[in-house]
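2 protein chains.
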Amino acid sequence: MKNYRIVVEYDGSRYDGWQKQGNTDQTIQGKIEQVLERMSGKSIEVHGSGRTDAGVHALNQVANFHIDSDRKDQEIKEYLNHYLPEDIRVKTLEEVPERFHSRLNAEEKTYLYRIEMGEKRQVFDRKYIYGLHKKLDVKAMERAAAYLCGEHDFKSFCSNRKMKKSTVRNLKKIEFEKEDSRLFVRFTGDGFLYNMVRILMGTLIEVGLKERSPEEMAGILNALDRKTAGYTVPPEGLFLENVRYKQ
Amino acid sequence: MKNYRIVVEYDGSRYDGWQKQGNTDQTIQGKIEQVLERMSGKSIEVHGSGRTDAGVHALNQVANFHIDSDRKDQEIKEYLNHYLPEDIRVKTLEEVPERFHSRLNAEEKTYLYRIEMGEKRQVFDRKYIYGLHKKLDVKAMERAAAYLCGEHDFKSFCSNRKMKKSTVRNLKKIEFEKEDSRLFVRFTGDGFLYNMVRILMGTLIEVGLKERSPEEMAGILNALDRKTAGYTVPPEGLFLENVRYKQ
Numbered sequence: 001m002k003n004y005r006i007v008v009e010y011d012g013s014r015y016d017g018w019q020k021q022g023n024t025d026q027t028i029q030g031k032i033e034q035v036l037e038r039m040s041g042k043s044i045e046v047h048g049s050g051r052t053d054a055g056v057h058a059l060n061q062v063a064n065f066h067i068d069s070d071r072k073d074q075e076i077k078e079y080l081n082h083y084l085p086e087d088i089r090v091k092t093l094e095e096v097p098e099r100f101h102s103r104l105n106a107e108e109k110t111y112l113y114r115i116e117m118g119e120k121r122q123v124f125d126r127k128y129i130y131g132l133h134k135k136l137d138v139k140a141m142e143r144a145a146a147y148l149c150g151e152h153d154f155k156s157f158c159s160n161r162k163m164k165k166s167t168v169r170n171l172k173k174i175e176f177e178k179e180d181s182r183l184f185v186r187f188t189g190d191g192f193l194y195n196m197v198r199i200l201m202g203t204l205i206e207v208g209l210k211e212r213s214p215e216e217m218a219g220i221l222n223a224l225d226r227k228t229a230g231y232t233v234p235p236e237g238l239f240l241e242n243v244r245y246k247q
Numbered sequence: 001m002k003n004y005r006i007v008v009e010y011d012g013s014r015y016d017g018w019q020k021q022g023n024t025d026q027t028i029q030g031k032i033e034q035v036l037e038r039m040s041g042k043s044i045e046v047h048g049s050g051r052t053d054a055g056v057h058a059l060n061q062v063a064n065f066h067i068d069s070d071r072k073d074q075e076i077k078e079y080l081n082h083y084l085p086e087d088i089r090v091k092t093l094e095e096v097p098e099r100f101h102s103r104l105n106a107e108e109k110t111y112l113y114r115i116e117m118g119e120k121r122q123v124f125d126r127k128y129i130y131g132l133h134k135k136l137d138v139k140a141m142e143r144a145a146a147y148l149c150g151e152h153d154f155k156s157f158c159s160n161r162k163m164k165k166s167t168v169r170n171l172k173k174i175e176f177e178k179e180d181s182r183l184f185v186r187f188t189g190d191g192f193l194y195n196m197v198r199i200l201m202g203t204l205i206e207v208g209l210k211e212r213s214p215e216e217m218a219g220i221l222n223a224l225d226r227k228t229a230g231y232t233v234p235p236e237g238l239f240l241e242n243v244r245y246k247q
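Residue numbers (UniProt numbering), protein chains in the order written: chain A, 1 to 247; chain B, 1 to 247.
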């Protein structure tokens with residue numbers, strides 16, 4: 001058995017997210033597994049670096065799978081891209097050591113969230129940006145972000161109420177980049193809870209709209225209660241941008 | 001009556017082109033006229049700089065219309081963008097002299113055609129680029145383009161067999177730009193016949209695939225016969241990029 005690592009780009013618009021969900025499957029993982037089964041005649045499990053929610057996109061999702069195949073790497077990649085739908089693309093494929101696991105070995109992830117502050121989204125971008133259409137005070141958002149960065153219990157920023165595992169994560173940085181009327185926000189951390197990026201973003205937007213002060217962030221973190229944080233922003237602005245592994 | 005000039009961006013994917021077509025209307029012109037009628041209570045005609053075909057996009061289509069309105073320019077623009085569908089956007093709106101006519105005064109147009117030569121289109125780009133997935137000899141295409149540029153009778157590059165008006169046009173330049181596995185081709189001229197850009201592009205692609213030699217271009221121009229030219233490339237790669245007017 002060989003172990004292959006793939007980097008995948010997808011438009012999440014018409015999918016129920018990354019993770020496979022039974023038989024009537026409209027997930028990214030499911031689509032890739034279907035093509036690998038077609039190629040190999042066997043059922044193959046694809047391990048993603050993590051889930052992405054329904055409607056969330058990926059620029060560089062990382063996944064791996066084990067397969068017996070005489071095909072060359074390039075042939076497998078071409079086979080996948082030939083049979084995958086147009087909104088899923090395998091960017092690279094390479095053989096990796098047996099023990100590599102895309103989720104367990106992931107050290108750091110970066111998510112990008114895109115916001116249109118101007119009056120209308122650019123038409124070619126409309127499925128890939130959140131149409132907020134309001135001006136944001138980015139300086140205030142940066143002050144709020146400083147409270148959120150670091151190792152904290154992010155229970156207030158997690159939608160899953162039944163979460164029994166640790167909700168402590170190390171949020172390494174939040175970076176803001178303005179481009180005309182668009183704001184790009186990058187979240188880098190060792191891992192993210194369910195909906196964590198989208199709730200962080202919604203809370204920061206409420207700061208940017210002056211509905212909350214940056215100083216409130218400390219209290220929200222301490223409350224360990226989802227109700228104290230801001231709203232969950234919609235998925236179309238969110239991209240899994242990068243997953244980093246130990247070299 | 002005031003005369004307004006607008007610059008419009010649209011994703012042509014789900015439209016039957018720019019030009020209005022009776023009542024069951026799914027055209028860009030029709031959508032804009034509907035919003036202006038809603039705003040003014042009157043039937044308003046919008047004049048585009050030219051038609052774009054079904055599925056063709058625009059980055060900067062120019063149009064004008066006459067209207068009685070007490071609203072400020074910015075208010076009219078915001079009204080339009082509020083009621084227009086997400087895939088049509090008014091980028092700028094300004095009052096212009098009474099006699100300005102977006103079609104009659106247009107001096108030069110530039111169309112952009114985008115081709116993916118690599119194995120798969122980038123997923124976020126898939127509706128905005130032609131998936132050729134074959135390597136092209138751009139040097140040969142440039143040699144062919146040199147034959148096509150200049151003032152010629154482009155009857156061989158026109159789909160409309162019943163064209164009774166002059167088919168002479170001045171094709172000022174064809175520019176090639178490579179970006180990784182993508183090829184961007186810009187056609188600038190004083191005007192273009194029905195399907196002319198898409199037939200020019202298809203013919204140049206046949207040269208790039210070595211199915212034709214660059215030297216054949218002279219014979220195709222001279223033949224004045226659509227059958228001698230290459231195929232019509234699909235609309236999704238085509239963008240009306242710019243329309244130029246006398247200053």
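Hints in this document: simulated from the structure, not taken from any laboratory. Please read these numbers as outputs of a predicted model, since none were measured by experiment. Certain hints may be false.
Because identical chains cannot be distinguished in the list, a pair is counted as satisfied if it fits within a single copy or across any two copies.
[Said to hold, decoys possible] In silico lysine to aspartate or glutamate, EDC-like type, Cα no more than 16 Å apart, as pairs: (1) K134 / E78; (2) K2 / E86; (3) K91 / E119; (4) K172 / E45; (5) K173 / D137; (6) K127 / D190; (7) K31 / E177; (8) K246 / D53; (9) K178 / E98; (10) K210 / E179; (11) K72 / D190.
Results of checking the hints against the structure:
1. K134 / E78: between (43 Å within a copy, 14 Å between copies)
2. K2 / E86: neither (27 Å within a copy, 46 Å between copies)
3. K91 / E119: Between copies, since 10 Å is at most 16 Å while 34 Å is not.
4. K172 / E45: Neither. Shortest intra-copy (31 Å) and inter-copy (56 Å) distances fail the 16 Å Cα cut-off.
5. K173 / D137: Result: close neither inside a copy nor across copies, 19 Å intra and 45 Å inter.
6. K127 / D190: Result: close neither inside a copy nor across copies, 28 Å intra and 35 Å inter.
7. K31 / E177: For K31 and E177, the Cα distance exceeds 16 Å both inside one copy (34 Å) and across copies (34 Å).
8. K246 / D53: Neither: 26 Å inside a copy, 51 Å across copies.
9. K178 / E98: neither (42 Å within a copy, 39 Å between copies)
10. K210 / E179: neither (21 Å within a copy, 42 Å between copies)
11. K72 / D190: neither (34 Å within a copy, 51 Å between copies)
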